[in-house]
Structures are given as C-alpha cells and as structure tokens.
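*Asks:* Protein sequence lines correspond, in order, to chains A and B. Okay, so the first sequence: first residue is 1 according to this note's numbering, each after it adds one. Okay, so the second sequence: first residue is 1 according to this note's numbering, each after it adds one.
Simulated from the structure, these hints should not be mistaken for lab results. These numbers come from a predicted model, not from an experiment. Heads up, a few of these hints could be off.
Derived DSSO-like pairs (lysine-lysine); straight-line CA-CA distance at most 30 Å [claimed, not checked]:
1. B:K329 <-> B:K179
2. B:K302 <-> B:K329
3. B:K329 <-> B:K84
4. A:K252 <-> B:K59
5. B:K384 <-> A:K252
Okay, the calculated beta carbon distance ranges per label pair [said to hold, decoys possible]:
6. A:R51 <-> B:A292: 54 to 60 Å
7. B:A281 <-> A:L111: 43 to 49 Å
8. A:L115 <-> B:G424: 49 to 55 Å
9. A:Y154 <-> B:E64: 54 to 60 Å
All C-beta atoms, glycine included, are put in the ideal place defined by N, C-alpha and C.
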Amino acid sequence: MTSTTLRAAPPSAAPAPRASRAITPARLLPWLLLAPSLAALGVVTGWPLVRLLWLSFQEYERAQLMGVPAEWVGLQNYTQTLTDSRFWTVTARSFVLMVVCVVLTITLGTLIALLLMKLGRAMRLVLSVGLLLAWAMPPLAAMLVWGWMFDTQYGVVNHTLTALTGESWMGHPWLIEPLQFFAVATLVIVWGAIPFVAFTLYAGFTQIPHEVIEAAQIDGASAPKRFFRIQVPYVRAIYTVLIVLSMIWDLKVFTQIFVLQGIGGVRSETSTLGVYIYEMGMAQGHYGTASAIAVVFTVIMLAISAYYVRATIKEEEL
Amino acid sequence: MKILRFAAAGFAAALTLTACSSGSAGGSTDATDGGSEGAEIRVWLAGTDTPQDARDYLKETFEEQNPGSTLVVQEQSWTGLVDKLTTSLSGSDSPDVVEVGNTQSPTFTSAGFFAPLDDIAEDLGGDDLLPGFVESGTWDGTLYAAPYYAGARVVFYSEQMLGDAPVPTTLDEYVATAKSVRTDTHSGVWFPGQDWYNMLPFVWENGGFIAEQNGDEWEAGFSSEGGIAGLQQVQDLFQNASNAPKDGDETNLQVPFCEGATTFLSAPSWIKWSILAEADAEVPGCPETYGADLRAFPLPGKDGGAAQVFAGGSNVAVAAKSANPDLAKDALAIMLSDEYQTILAENGLIPAKVSLADALPDDEVTAAAAAAAANAQLTPATPKWGDVEAQKVMQDALVRLAQGEDVAAVAEELDSTIESILNG
Numbered sequence: 001m002t003s004t005t006l007r008a009a010p011p012s013a014a015p016a017p018r019a020s021r022a023i024t025p026a027r028l029l030p031w032l033l034l035a036p037s038l039a040a041l042g043v044v045t046g047w048p049l050v051r052l053l054w055l056s057f058q059e060y061e062r063a064q065l066m067g068v069p070a071e072w073v074g075l076q077n078y079t080q081t082l083t084d085s086r087f088w089t090v091t092a093r094s095f096v097l098m099v100v101c102v103v104l105t106i107t108l109g110t111l112i113a114l115l116l117m118k119l120g121r122a123m124r125l126v127l128s129v130g131l132l133l134a135w136a137m138p139p140l141a142a143m144l145v146w147g148w149m150f151d152t153q154y155g156v157v158n159h160t161l162t163a164l165t166g167e168s169w170m171g172h173p174w175l176i177e178p179l180q181f182f183a184v185a186t187l188v189i190v191w192g193a194i195p196f197v198a199f200t201l202y203a204g205f206t207q208i209p210h211e212v213i214e215a216a217q218i219d220g221a222s223a224p225k226r227f228f229r230i231q232v233p234y235v236r237a238i239y240t241v242l243i244v245l246s247m248i249w250d251l252k253v254f255t256q257i258f259v260l261q262g263i264g265g266v267r268s269e270t271s272t273l274g275v276y277i278y279e280m281g282m283a284q285g286h287y288g289t290a291s292a293i294a295v296v297f298t299v300i301m302l303a304i305s306a307y308y309v310r311a312t313i314k315e316e317e318l
Numbered sequence: 001m002k003i004l005r006f007a008a009a010g011f012a013a014a015l016t017l018t019a020c021s022s023g024s025a026g027g028s029t030d031a032t033d034g035g036s037e038g039a040e041i042r043v044w045l046a047g048t049d050t051p052q053d054a055r056d057y058l059k060e061t062f063e064e065q066n067p068g069s070t071l072v073v074q075e076q077s078w079t080g081l082v083d084k085l086t087t088s089l090s091g092s093d094s095p096d097v098v099e100v101g102n103t104q105s106p107t108f109t110s111a112g113f114f115a116p117l118d119d120i121a122e123d124l125g126g127d128d129l130l131p132g133f134v135e136s137g138t139w140d141g142t143l144y145a146a147p148y149y150a151g152a153r154v155v156f157y158s159e160q161m162l163g164d165a166p167v168p169t170t171l172d173e174y175v176a177t178a179k180s181v182r183t184d185t186h187s188g189v190w191f192p193g194q195d196w197y198n199m200l201p202f203v204w205e206n207g208g209f210i211a212e213q214n215g216d217e218w219e220a221g222f223s224s225e226g227g228i229a230g231l232q233q234v235q236d237l238f239q240n241a242s243n244a245p246k247d248g249d250e251t252n253l254q255v256p257f258c259e260g261a262t263t264f265l266s267a268p269s270w271i272k273w274s275i276l277a278e279a280d281a282e283v284p285g286c287p288e289t290y291g292a293d294l295r296a297f298p299l300p301g302k303d304g305g306a307a308q309v310f311a312g313g314s315n316v317a318v319a320a321k322s323a324n325p326d327l328a329k330d331a332l333a334i335m336l337s338d339e340y341q342t343i344l345a346e347n348g349l350i351p352a353k354v355s356l357a358d359a360l361p362d363d364e365v366t367a368a369a370a371a372a373a374a375n376a377q378l379t380p381a382t383p384k385w386g387d388v389e390a391q392k393v394m395q396d397a398l399v400r401l402a403q404g405e406d407v408a409a410v411a412e413e414l415d416s417t418i419e420s421i422l423n424g
C-alpha cells in the first residue's frame, strides 16, 4: 500500500510544462494541491484496479486466496466471458434496467425540482426533509423495508390493494415474475436516486436570472415553452452531468437487486452485471473470471464517462 | 454557469469518494501475538443453534485450562456464511475456531482454509465420531473439520389441528393427507418454494439422486425416472397442499405454524424451541396454543418406515491462519469433549459422538429426529457442491416448479446446470 502512495505522488515532480522553462513554484502549486486527492485516489481506486487487471489474466480460485501460486492463463478468462451467452443476457438486462431507471429518475427529478420552486417556504421545507431522508437512508436498510412492504403474505402493498380493489391480493408474489421483480427494483432505485437529481436541478433552476423568465412571460411564452426554451438550456450542463452519473450508478446497481433476490424471485432470471460478478467471484470462487467480467464492465463505464468528460470540456471551450 | 457545473462535479466527486471509502475497516484484535501467554481465542459459531449453556461451558473450561488466555464466542449469521468465512479466513485477522455447515465444509477443506487435525483426531473421538460428518470434513485422506452436531428434519403437527385423521405411515399417505386438509387459507403442509431440503426426500424415496460420480464425470439425477417422479410429487404439494409463498425460503418456519396456517410442518428438529418460545420472547412462539400439544413424526418413506432425509448439521475446524493454532485446538477439543457434547444432546441436537446418543432427551420430537437421522443422506462429496448451493440453482428450479412449469423440462435444465458446475 505504501508503495502505491509513493507511485501516485510522482506527477507532482513532472508537471510536463509546455515550454521548456524551469519549474517555478507557481507551476508546482496546483500539483501540490492535487497531491492529497491523487494519493487518496491511488490507494482507494488505483491499486484495486491494478489488482483487478492482474487477476483477470490468472486462474485465481479459493485455494489461491490461501497462498497457492496462481497460474497465468492469458486471455482465457476474457474469451470465456465474451463467449458465454449468460454474460450477454445479463448485460442486456442491465442496460434495459439502466435506461428505464435513468429516464424515470430524470423526469421525476425535474418535476420535483419544479415543484420545489413553486412551493411556499413551509411545504418546501417538508419536501426537502423528505427527500433528504430518502437520500440519507442506507440502501440495505431501505431495501429490507421495501421488501417487507412487498411481502407475499404480510405485505402492506398487498393489504392496501385488497382494501382498494375489493379483490384479494393477499399472497400475490411480487418478485416471482421477472417483469414485476424489476418493476419493484426500478421503484426502489428511482426512489433512492430522485433526491440528488431534484436538489441539483433545483439549485440550477434558482440560478436562472429572473428577468429572462419574466421577459419571456411578458412576450407571451407558455409555461412548457419557457421550460424547454429557457430553463432547460440554462442548466444543460447540469443535465449532462446528472444523466451520465445516473447511467453509471444504475448500471452498477447491486444492493437493491441482491437483497430483493434474497427475499424472493428467481436469481437466474433477475441478475444484473453487479450481481453476476458477485455470483462468479464471491459465491463460486472464480475470482479470475469475475475480474475479467469486472474489467469489461469497467471499460463500458469508462466509455460512458469519456463521453461526459468530452462534453464538459467542449462546454468549457465555448 | 461555470460555477454551477463546478459545484455539481465537485458534489459528484465527493459522493464517489465516500462510496469507495465505505469498505471494511478491518478487525481490531492483535493477530501478531504469537505466544500463548495472554492470547485471545475467537470462536465463530453459526446461528443460534448452540445453546447458551454450552457457550458458557466452553469459555469457562478453556480459561480454566489455559490461565491468562481468554476465549470469545462470536455468533455469525448462517446467511452469507461462506462469503464471510472466505474473506476472514484468508485475511490477516482470521478467527481461530469456526463452525461451518456440513455441506459447506468441502469448499474450505479442499482449498487449504483449515488446519489439519490428524494429530488430534483420536483424542477428539476417533471412530466414535459421526461417520458422514467425518467424511464431509475430510479432504485427500486428512481430517480438517471435525463433526460438531447433526440434526434431521421431522414433521411437526398439532393434535388439535390434525384432529381424528390418522398420522400418515407412507410418503403417499402423507401427500394425500396434506392435500385433503388444504383450504384457501390453510395449508396441508407448509412448503415455501425455495425449501430444497424438503424436496430431497421425495427424490430419494422415488429412486432418484442428486448427482453420482461416473468415472471422472459427475452425473446429476433429477431428470432420472425416480427424480422426475419425486419432483412431480413435490409439485403436487406446492400446488395442491401448500399456501406458502412460491418463492419464499425456510426462515422463521414457526410463524405459519403458530398462526395455525398449516397442519404439517416439515422442519429441523430444533424448530421445536422456536415454537415453544415464550410469547414475550424476542422471537415469540406459541407454547399455549398450537404448541401446547406439539407432536412430531419422522417423514414416512415410500414403503413405510422413515424416509431418507437430508442430514443437516455442522462441522467445526481450526483456521489455517489462526495465530495460536495450539490453543485453538484445545478449544476445539473442549467442543468435542463428552461434557460439551452432552449439553448439545440434552438440548435436542444429535451429538458428534455416536456413544453419547443416550444423552438425548426422551421425548417424541427427539425420537423422531433420531429415527430420521438414522436414514439421513448427504449431498455429493465434492468441493464444487458448495458452488451449487451458493448459486442457489436448486432454489431457482423449485420456484419454477412451484409456479407449475413442466417437471421434465425443469429437471433437465437443473441437471445440466449442476453437471456444468460439478464438472467445470
């Protein structure tokens, strides 16, 4: 671990100046300021990534955990992963879930942000506190509570539906059908993701100069027009960040799916990428193969992030 | 605009960092303490099965025999036990003595997680130890995990619930009785969709098998003639005798029983203590209502007698990375001593030593459990079996059966999945 700290530090020594001038303290300063976070990132994210890459080229099973030397197998873990139909099914499933969750999160988050703008002080406070509580709730605790609400025998959802519709919903298994399973999962994921989106957008919307909106209003622009022609363009950069972040978060969702699978449902029909890596690695002890899947997954995530970084830089240049 | 974006990106970066840093913070005990003076031995027990008397006895006896050293019993949850043990036993802060489920132990014995016990095997009990459990704790001819205790599933019922109906004496009668008393709100037998332990007797009694070794290859037997016949009977129970959730698991089985929601409950014998727990206990039972006239019988076989049931229970082992292996072996020896095992037996757990069976309490539930245990079967003896369990392939197949899917198709698929894992 200490060696990584040292390895992460050198950038401060080599600032790669554009002109061939001596390193002045003024040039060194930004790197010095960055050094602590670079060191932290190196230890917390960098080293595990290096290990992951390392493992993905080895046959690493439980015995290797106890010190048996691992065998190098080249690309075998990768070919095995990419030719496994299960991997592609799981990937496709994860992407569909991600798209649905992102669309719902951004739409509902926007609506709540707009609502926050319109509410009076007292109601806004109530709503904000509610959002904060949902945001602060650890996913595991939240999942257990959601699981109880959708419980087959004693769940409050079945109870309420029975009271409302007059038909008996008691004993309706919510998690057994993959579609219903993902409906419940989507509900919980979106519920947990909305607060961040709503708060960020609310912060953005409040920064739009009043005069602009007022002028549009006087010119006769309707509310939807004002929203799409003024408010959205003003906060476009925020939307880019939010959408990309949501995509990454929803793709790597683990806790929600894993806990729901423990409550009910059929695992082989509901696993997403995060859970699949867990099954391969922790549950079955094929750490090498699991690492290969994780590397492929990381590449996908990097591709998405790259788009975000490019978009940000482009904005910067404008 | 720039400020907004900057703030949003900073916020996001902060979140990413907190998400990453919430990993495990490691333990606190000092594992570098190599000497036996003043060492602390940590014993990990799984679940609540070990009675408090036994835990106290272990701690007191150990600290008396090893002055200056202490022993701590730490209770682990059965859920996720394999994951937890994999990470802890391979880390620098390994516990010293651990309990594992008997079907889980090959996963660890085959990969070097446990210290060999051959040098003390004779002192632990030798030939007196439960043979099936010695087998599951042995790898390549070396004993790594000693038997701890065994249990068996019995069928509980309440006299007031069964009424005048006779206690079934064959498996077919059992199915027929369970189906006949079932209504929309009452189950004949409580059979949650993931309860694969209760599926096994039907497969075995009809002549099926889980998997058998054929040369180097494992061959799974759920799609054999007997396997299909057994699974058909299981599906019949799921659909026509049970109102339990079709994707539920076998936790807290005392709840439906105490609600009076079922006539029969096939469960491990120690569920008796959950049913009889006081009404004001943390997990209450029903000693005054359906528990008042609690009775039990071993699941009947196809041709009468006791059916072949799944042999549940635990093994106990010394961690390979224990900082004080000699002290850990001392603790293990206490857990297999006649005194300690007698405490387990008196609480209705089948002791690890055959000669101590006399200490079992003289009641109907224990007698039923002993009869069932005499005919108990084990899961395939291969370390890869742990992977089959970890991946929950049997649970998935059963949930599909419970929903009414075609038995032959589900069995074929289940077999090919099991074969691919065992031969993989």
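*Asks:* If a hint holds in the structure, say so; if it does not, say that too.
*Replies:* Going through the hints against the structure:
1. Under the criterion of a C-alpha separation no larger than 30 Å, the hint pairing K329 (chain B) with K179 (chain B) is inconsistent with the structure, at around 51 Å.
2. Between the alpha carbons of K302 (chain B) and K329 (chain B) the distance comes to roughly 44 Å, so the proposed pair goes past 30 Å and is violated.
3. Straight-line distance between C-alpha atoms of K329 (chain B) and K84 (chain B) comes to about 22 Å, which keeps the hinted pair within the 30 Å bound.
4. For the given pair, K252 (chain A) sits about 45 Å from K59 (chain B) by alpha-carbon distance, which is inconsistent with the 30 Å threshold.
5. A threshold of 30 Å between alpha carbons decides the hint, and for K384 (chain B) with K252 (chain A) the separation of about 28 Å falls inside it, so the pair holds.
6. In this structure the supplied range 54 to 60 Å holds for R51 (chain A) paired with A292 (chain B), their Cβ-Cβ distance being about 59 Å.
7. Between A281 (chain B) and L111 (chain A) the CB atoms are about 48 Å apart, so this pair conforms to the stated range of 43 to 49 Å.
8. Remark: the range hint 49 to 55 Å for L115 (chain A) to G424 (chain B) is upheld by a beta-carbon distance near 54 Å.
9. At roughly 48 Å, the beta-carbon separation of Y154 (chain A) and E64 (chain B) lies outside the given 54 to 60 Å, and the hint is violated.
The structure fails to meet hints 1, 2, 4, 9 from the earlier list, while all remaining hints are met.
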